Each structure stands twice: as structure tokens, then as C-alpha cells.
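K.L.:
Those protein sequences? They're chains C and X, same order as listed.
Counting along the first sequence from 1, when you hit position 416 you're at 416 in our numbering, and nothing is skipped either side.
Counting along the second sequence from 1, when you hit position 15 you're at 1015 in our numbering, and nothing is skipped either side.
Careful: at least some of the hints might be erroneous.
Quick list of in silico lysine-lysine cross-link-like pairs, DSS-like style, CA-CA up to 25 Å [what the hints assert, rightly or not]:
no., chain 1, residue 1, chain 2, residue 2
1, X, Lys1081, C, Lys383
2, C, Lys383, X, Lys1099
3, X, Lys1477, X, Lys1448
4, C, Lys6, C, Lys454
5, C, Lys383, C, Lys396
6, C, Lys470, C, Lys454
Just some of the chain X residues that point at chain C, by a computed CB distance under 10 Å [as the list claims (entries may be wrong)]:
no., residue
7, Gly1032
8, Ile1077
9, Arg1080
The hints are simulated quantities; they were obtained by calculation from the structure and are not laboratory data.
As the structure is a computational prediction, the values presented were derived from the model and not from experiment.
Idealized CB from N, CA, C, for every residue including glycine.
Here is what each chain is made of, one letter per residue.
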Amino acid sequence: MSELFKKSFLEIRKDLDEGALTSESLSESLLGRAQDENKKNNALISFCEDSLMKEAQLADERLKSGERSALLGVPIVLKDIISCKGHRLTAASKMLENFVAPYDATVTTKLKQAGVPILAKANCDEFAMGSSNENSFFGAVKNPWDLERVPGGSSGGSAAAVASGMSPISLGTDTGGSIRQPAALTGITGLKPTYGRVSRYGVVAFASSLDQVGPMCSDAFSSAAVLECISGHDLHDATSSQAKVPSFLRSTIAWSERKDLKGLRIGLPKQFFVEGLDPVVAQEINKVADFYKSEGAEIVDIELPHVKHSMATYYIICSSEASSNLARYDGVHYGHRSERKTSNLDELYSRNRAEGFGDEVTLRILLGTFSLSSGYYDAYYHKASQVRELMRQDYKNAFSKVDCILGPTSPSTAFKLGEKGKDPVQMYLSDIYTLATNLAGIPAISFNSDSDSKLPIGVHLQGSWWGEEKLLGLAAYYQKRHPNSLRKADS
Amino acid sequence: MTRQYETVIGLEIHAQLMTETKAFCQVANEFGLGENTRVGPVSGGLPGALPVLNDQAVRLAVRAGLALNCAINKESIFSRKNYFYPDLPKGYQISQFDKPVCGEGWIDILVGEKGAETKKIGIERIHMEEDAGKSVHLANYTLVNLNRSGVPLVEIVSHPDMRSAAEAVAYLKKIHSILVFAEICDGNLEEGNFRCDVNISIRPVGQKELGTRTELKNINSFRFVEKSIEYETARQIAVVEGGGIVIQETRGWDSAAGKTLSQRKKEEAHDYRYFPEPDLPPLVLSDEYIEEVRENMPELPEAKKERFKKKYTLSDYDAEQLTSDVALSAYYEDCIRRGAPAKKTANWLLSEVLKELKKLDDVSVSDSPVGPKALTELVQLIEEDKISGKIAKTVLEEMFATGKSADTIVEEKGLVQVLDTSAIDAWVDQVIGENPKIIEDYQSGKTKVFGFLVGQVMKLSQGKANPSMASKALKKKIDV
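Make the full structure from the sequences, and use the hints.
P.N.:
Structure, rendered in C-alpha cells:
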């Protein structure tokens, strides 16, 4: 049983359905593995042992009564900005160190209804702001492939949890690459859905117009199953879409079994291959393009002229929204309350917030507050919104010519802890390929390539609005023909 | 004073909407319950909570726009108004900024001596927003009650078209009455669900440009609006006349001192950092929807007044009085439905019933101990000559005091009017016998004493004699 973590999602599914494995024994085994691995990589903030075993027993009863569904009985790890009633919801911040969620996020409710036991809450960058998971009040997460390196961020804990075999499935959130970049750096599959595909209710907001919850899993099949479970319109989220939810798992399996990729057009934007991109990564992406071409797909050169402005645009919009979204953390009704004596209200707010927020969060609140200020709004937030619209137009034009867009997820493989130092721009550059996806609201996937490199290299596929099926399908098609791309960190 | 000054006033009215639930969540919108019992994840500003717009609030906001002759914007957007305060748990208020739900509109008010003239007051916009919670400041600490947090509001912003406290109050009362009749707002000033900010400036008569204004915040009674404007006008004139300049600032009304006091100078004003609320898509309204809201508009006060005049042949004054209050007009029409005579009921309701209610510490007509059924029965007794109008007044007092029906009181006290001619003749004879001197005066031409004699007959009958029969019988016997 101790080798359970090495099994693929579909193998586990089969064992559970055939009664060769119970959810209880699976959960117990993974919990043990998680507790051991966590000592090494610090992927988790809290364990949900008590409720986990109860939920696993319930799943076993449902399995015994003959119920069959894709996720029934398979434990999951949730990024600790997703609310799970009765458990701590820290957002990896001192501000919420002791905050216990009084309600379930909609995605949590959906997982519980599907019989998915919740194993643990994953570490991340504080309030999901960061690209290395070094901005956590609970300490940095380490990459299971090399414990001296970062797992990426902000969903670094969810990524490391899957990569180290704590659980085959997890949820992360992606505002500018926070699912895909850590998925790339830890060699797993991560998908950012179309904006509005998944409810944000109960998920600590970073930048409301960019945030999406998505699967971070061991492969495309499990990602499809998780996405199918958490998608759909939610009466509690006015930005969630009424769009029909496809049978993602079924379509992904069908894609993987296709004979070839004839008729498919894949765009390759020239500007992706520029200075700053690690040649090893560039070479690997070209190999993936060659593979798809050899399977019958057409590789098309495309242009996304405004995407070069994505970093400036992204940081203005996300910081502005964050400055407002994080205003509620003032230590008055809940959250960190300074122990120092205060003489007036403003001082109370300043102390609570100065003590409760880390440096990166503080930086972004200041940046966002400035961008929204009277006299600066037009030059910053308003202009950024206009550029954002131009980028959306770029993608619209591109998707009239191609089915999806191929490129690297991250300009480099996992970097060393502390390597990017104190220069935020250096850190921000590690998300350069993923930011525009969120600004346009389109879906994108990152999956591991079949490289000989010691460290994983992420392949990034962006799709048109509501086009997740193709992305999962192309990832599954690749993974089925490159089993080595699914290898685990310590194998 | 050497120069004449003109006061320029604009009002911002905040009216809470009568919705079942709050503006952006499913928590009940109820007043006066235990502190912090009407709070959920959204209205409490918990991590991860998201707002979802209440359809009923939209309907009432559109209805307000239509009732106040506003253009309805088919696309409007919500914005965040950011500021820190303990009764604002999210750290921002969801409001509307550059694209409100309703644009330009207007209403007519009555101005001048006895309201002889009409004046058009322009409305700049109506926008939707949520209320904040309530802070209760005590000696060493402040308590916060979030029951009000997230209650839907409309803010109605007028143009600076009013020129006196009287005009401002007339405008305020008119808006109040329209919102209450249209079932948009409860209009309860004491509970704070209808309140206003006053923008006020002065300028020498004839000057075109506006003077520097001050803003008087959160005034919650018609009387205080009047008093604060009068005070502030005098204060600003005194400042200018004294060689000073009016400073742009926010001032509060101290009702105990009868003064406005400076609260916040312009330099200390918040930068609210408005930006479009990313959690809510734009509010898009179709022509069909707007028409449907228009068709289902409850009857507004002016239409009701005209209908009352026509249908019940009431005087302009009576109709105006009856439609000055939604509860009063409902009470009246309830009586009519029960078969009460229109004119007599209007008189009794507007004079006697209201007088009795005033005695009861201004109980609202909807809570009157004598309801439409009881009043109808009383008026019918008068109409059928069972009791005289005079007796009826004492019966009504008794009804208010005991809660008994008019029939019961008349029965118990033997107050039924006497129509029997022989009984009336007997009282007349007795009065003639007891007042020989006065009869003589009358018969010698001093006809003024006749009234006294009828009064004596009525007194003898303890008010029960039919007054006109008594008068006739007396005349017959003493006329020469």
C-alpha cells in the first residue's frame, strides 16, 4: 500500500471501482505520505485528518452501494485560499493565521457532493501573490524535484503536493499564472479555466477580474475529471457563466485515442522566442511543436502584437483590484489585531495591516492604491483596461486562424530559493508567458514535456474561450505517447 | 446688511428599498432585530464572499426613476467606493459612479404663498448602492451593528434648484410621498430609512456663479432640514458679510444646540478610488423590462388625488389631505368599500379621527384603535339619523377609549336619537313653561333667543332629540 502514490489516477479509479481499494485506506496511506513529505517540502499548511476519514468512509459507502463517478473516493488537496467550513483559511498570511472558515466555497461544496475527501490545505504565496511560493507566512515550499529550488507560485503547495505524491489531484488558483507556472516547475498538469467557468465564491479574492480556480493534477485525465466536477454556473457568483459544462473526462479520453491530429492548427507566436527564454526550454517547445506536426497538425506562425504590454497591464490591474479586495482585512471584525496600544482608529488600521501583511502584499496594495488614486486613475487603471481590451482582440484574431497557441509556460526551469532576490521585476518576469491568458480571460494548460532535463519543462497551450476540451485533449494525446513526461519527482 | 443674498440648495436623498433581502445577498432586510443577527458572509465581508445583485432592488430603483420622470439607462455599472470604517466590513461600498441606473428627471413642487405656484426641480441622477452598518459610539468604545450592512438604497441627487428652506422641505416631502406611494421605500425617518444630505451655498442676488458650498450630512427629519438650512444660510451670510470666505466642508447638524458644526474640511476629504466593481457584470435593462415596471407602477399621490376628487366628489382640499399619506388614503378607501358615504366619511376621518389619534401621541392611522370598519358603522348611524352628529363625537371618543363598537355604545348609553313627536312635544312644552320671559321676548321680535330655546330642548332630552324636529315643534308652538 505504501506505493499507492505511484499509481496513476485511472489506476486508482479502477481499483476503487473494483473494490481492490477503499477510499479509507487510500486516504490513510496518502495522509501518511503527505505527513512525511511535508517535512521535506512544506507543501501543506494544515491537515484535515478528522473530516478526511469521515468523508472517506462516506465515499466507501457510496462505492459499496454501487455508485460510480470519476472522483468518488479520491482525496484532494486545496490551496489554502479556498474556503472549507470548519478548517483554517489562512491565505498563507499572518493576517488570517487563526481564521476558521464558517462556510464552504462553491468548489468545496461540489467536491464534497462528488464524494471527494479533503486531505489538506496547501501552502501558497501570501494572498496568492508571488511566483516562487517564498512569500508565505508559513515558510517557503520546496520543489520535490530539487529541494533547493522553488516549486513556483503562487500555488506552489498544491503543485508540490501532487508532484511528491501526497495526492493525485489538487486545486490551485490562477490570477496571472499561479496554476500553470508551478505546474511547469514541478512537472504536473495544471489548467486555468476560461474566466467564469468555475465559481469564485468562497475563494479569497486577489484580483476579481482575473482569478480562476483550476485543477493541478498528475495528468490530463484527472485534470479533466476535476474540472468537470467544479465547473458550472453558481448563483453566488455573478461572474460565473451559464455556459454548458462538457463531459471533460470523456472528451479527454476520446482525444487521447485519436489516430492523428489532422485538421488541427496550432499557433506559434514569434515573440515568445525572445531574449530571456532559456534555450533548453526553447528547444523543448520546438520539439513538442515538431511532435504535433508529425501527428498531422499544422503549425502556424501568429502574431499577438499587444501581448508585449502584458506585464505592465497585469500589474496595474491586479494590484488595483487587490488593494480594494484586501481592504476587508483590517483586524476589526476578524484577522490579525495588533497587541500594541493604539490611540485612534487610523493607527489601529495601520498597525493591524502593517503587522498582518507580508512585504509583497504590502507592495501590491500600495501600488494598487496609487493606480486608483484621484488624478492617476486615467493614466493607469483606465489605460490598462484599454490595453487589456486590445489583447483580447489579439487573441480573438488569433483564434480565427488557429485552434490553440503553443509556447513555454515559464522562461526557465525551477530556480533556486532566494535566487531572484529582492528585485520584484525579476520575479515578475517568470510569469511573462502566462499573464496575457488571464487578461484575455481565455483557458490555458501547462503539462510536463518529455525532456531529458533534470528539472521539468512546462508546455503551455492557450485556447479560445470555453475551449478547455482541446487543451486537455492535446495534453492527453501527448502524455499517452510520452509516458516519461508523467514520471514522478523521486522516481 | 447691505446686499441681498440668495440661497442655493441641492439635496441628496438616501432611501432604503423595501426589498425582502439585502442588495447583494439572501439575508433578510429587516429592521430592529437583535444586533448582528442579519449578517451573512457577504454582508459581513468575509473572505471569499461575492455580491450577487438583488433583482427586486433593481425593479424598485427603476420604478423610482420612472416615478420621478428620469431617463432609465439601459446599461449601468456598479463601482466600488473605497474607504476604511468599522461599520463598512468590506472596506468598500458597492455603489454606482459614472454610469448610474437613472439619469435626468424632475418633479414639480408647490411654492409661494399657500402653495399657489408650481416650480420644477431637476433631478440629476438616481443610483443604487448598499447601506453601511451602524456604529454606536459610547464613552470609551464603539459598537458596530451590521444588520443594516448591505441594505439596498437609492440615492436621488437633485440639481441645485431650490432657493429656500421651505422649497427644500417641499421637495423632500414630495419625494418622500412618491417613494412611499410607489412602495419603493417605507419612508420611516426615525428608523433612518429616508435621510438626506443638504448642499448649500449663498450668492449675492443677481450673481450667476455659485458660491462655495457646504454639505450638511445625514439629516433625518423634515424639521431639522428646515432648521439646518436656515441656520447655515445665516451663518454663511454672516461669514461673507464679516469679510470672510465660506470654506468647502462637511458639516453636521447638532439638533440640541440648533447649530451646524464643522466635521471635515475639503483637504481632509476621502479619495474614494472609485473603479468598476469587478464582481458584478454591467446591469443591462431591456425596453420590455422598463415598460413592464412602468405598467406595474402603484398609483402615485397626484393620480390618486385626481381620482379621489372625481370618483368621490371631494373638494381639492379634502382630496389633497386624504392623499397626503398612503395609510390615510388606504384607510379612507377601506371605509368606502364597506359602504361608507364618501363626503361624510372624509370629514369624519380628516377632523375627528385625526384629532383623536393626535391625542394618542400621534399614533399612525394604520394603527388606529378605531379602524375603517368601526368608523364606517359610526358614520352610517349618523347617516341613518340614529344619532346626531353631536352625540356621534362623544360616541367616537368612547370608541377610542373602550374599543367598543358604535352600536354597542349607543345601545348601552341609550343614545338613540328620539324621533317620536309626542316625546319631543313634551320636552318643548316643558321648556316653554319654564321660560315665560324668554318666550315673551321672542314673541315681541327678539328672534335671536330661538337658538337658546332649541338648546334647552336638546339639553332636556340629553341630546337625544332630533335637532331639526325639536326646532320645528318649538317654532310651531311659539310663533304668533
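K.L.:
Determine for every hint whether it applies to the structure shown.
P.N.:
Hints versus structure:
With a C-alpha separation of about 20 Å, the suggested pairing of Lys1081/X with Lys383/C holds against the 25 Å cut-off. Only pairs whose Cα atoms come within 25 Å are accepted, and Lys383/C paired with Lys1099/X is accepted, the gap being roughly 18 Å. Distance restraint check for Lys1477/X and Lys1448/X: the Cα-Cα separation of roughly 17 Å lies within the 25 Å cut-off, and the hinted pair is therefore satisfied. With a C-alpha separation of about 19 Å, the suggested pair Lys6/C and Lys454/C falls inside the 25 Å cut-off, and the hint holds.
As the CA atoms of Lys383/C and Lys396/C are separated by approximately 20 Å, the hinted pair is consistent with the 25 Å bound. Under the criterion of a C-alpha separation no larger than 25 Å, the hint pairing Lys470/C with Lys454/C is inconsistent with the structure, at around 29 Å. Interface restraint check: Gly1032/X against chain C, minimum CB-CB distance 22 Å, threshold 10 Å, status violated. Interface restraint check: Ile1077/X against chain C, minimum CB-CB distance 12 Å, threshold 10 Å, status violated.
Of the supplied interface hints, the one on Arg1080/X holds, with its beta-carbon coming within about 5 Å of a beta-carbon of chain C, less than 10 Å.
The structure does not agree with the numbered hints 6, 7, 8 stated previously, though it agrees with the rest.
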